[in-house]
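Novice: All chains should be built: construct the whole structure from the sequences, respecting the hints.
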Amino acid sequence: MRSTREISILGEQILPGKKYILNLDIARLHTQTKIEIPVIIERGRVDGPVLLLNAGIHGNELNGVEIVRELLARKYTRPQKGMVICIPTLNVFGFLNQKREFPDGKDLNRSFPGSKSGSLASIFAATMMNEIVPHMDYCVDFHTGGARRFNSSQIRIARDSPELLTLANVFNSRFIVYASQREKSFRQAANLIGKKVLLFEGGKSLDFNQRITRRGVNGTLKLMHHLGMRDFSNELAEMKTERSIVIEKSIWLRAKYGGLFRFFQKDGAWVKKGDLIGIISDPYGKFEYKIKIPQDGYIIGLNHAPVVYKGDAILHLGFE
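Going by our numbering, the first residue of the sequence shown is number 15, and it counts up by one from there.
Don't read these hints as lab results, they were simulated from the structure.
Keep in mind that the hints are not guaranteed to be accurate.
[Unchecked claim] Listed next, the in silico PhoX-like pairs over lysine-lysine satisfying Cα-Cα at most 25 Å (straight line):
no.: 1; residue 1: Lys270; residue 2: Lys254
no.: 2; residue 1: Lys198; residue 2: Lys95
no.: 3; residue 1: Lys198; residue 2: Lys209
no.: 4; residue 1: Lys32; residue 2: Lys120
no.: 5; residue 1: Lys89; residue 2: Lys32
Specialist: As structure tokens, this is what we get:
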């Protein structure tokens with residue numbers, strides 16, 4: 015049955031069976047140049063769940079942008095039921111400059127739920143919470159590792175939500191990681207008002223990785239299929255599916271010395287106590303420090319930086 019429910023987003027009436035490209039416009043650059051954030055909305059002919067696909071909340075985390083771009087380009091975001099809202103470059107200011115932060119130096123993902131009388135990042139967060147978030151039921155918030163840290167594909171969820179665990183298993187990333195919600199993050203703010211957010215981590219900043227992109231795209235199709243938004247049976251039949259590994263806790267191993275870092279392990283690998291992670295050495299051939307795994311676990315994150323300082327995080331080790 016064709017939907018008759020009225021939906022209005024950013025002042026535009028969203029009709030069943032239609033696609034809209036709207037602009038979220040809240041600020042200008044210091045040159046008075048208008049900066050608009052494209053919001054792509056596709057509504058099915060039948061009512062159903064509303065899914066937000068959100069990327070680029072940190073402007074230099076490009077792999078999430080690529081995942082949403084591919085979903086749009088392949089027209090996977092056209093639902094038969096419900097509605098898909100895509101914001102590929104939420105922090106378009108950072109995206110333009112290939113930087114993590116907003117122009118005011120704030121981390122947008124530490125600025126929610128925001129305030130109309132706060133900093134630029136806070137104003138933007140408040141606009142997002144007032145104009146977009148009320149319409150969504152579910153969200154996949156795409157991220158990458160910061161700096162040169164490469165994250166294996168993982169869905170991060172809070173420990174106290176059976177529904178989120180079910181959805182994370184449906185998405186079927188390599189890992190499901192129990193992670194507390196950061197203060198003033200988008201995930202925390204959305205969850206506090208009853209929205210279900212899956213935080214996808216994969217890859218590293220300023221980088222594309224085809225394996226991570228494929229995981230993100232495939233996971234989104236699985237999620238939409240599970241929610242009854244569109245039948246992806248043919249696409250799903252071609253995908254390899256293996257059980258997601260649930261990480262109950264994790265630790266970061268840090269460099270005891272600064273120097274040149276060469277790693278010998280692959281992200282996602284199961285490693286045993288005593289296995290060699292890599293070597294830190296000086297540039298002059300005077301010393302080499304071997305880094306070994308302290309206990310059995312999975313490598314869920316790995317520093318790809320060739321130069322590290324004492325105290326730098328070099329490997330994220332997760333435990334079932």
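Novice: Taking the hints in turn, state whether each one holds.
Specialist: Okay, the hints, checked on the actual structure:
1. Taken as a hint, the Lys270 and Lys254 pair is broken in the structure, with Cα atoms around 40 Å apart against an allowance of 25 Å.
2. The straight-line distance between the Cα atoms of Lys198 and Lys95 is roughly 32 Å, outside the 25 Å bound, and the hint therefore fails.
3. For the hint pairing Lys198 with Lys209, the CA-to-CA distance comes to about 15 Å; that is within 25 Å, so the pair holds.
4. Distance restraint check for Lys32 and Lys120: the Cα-Cα separation of roughly 36 Å exceeds the 25 Å cut-off, and the hinted pair is therefore not satisfied.
5. Note on Lys89 and Lys32: the hinted pairing holds, with a Cα-Cα distance of about 13 Å set against a maximum of 25 Å.
Consistency note: the structure conflicts with the earlier hints numbered 1, 2, 4.
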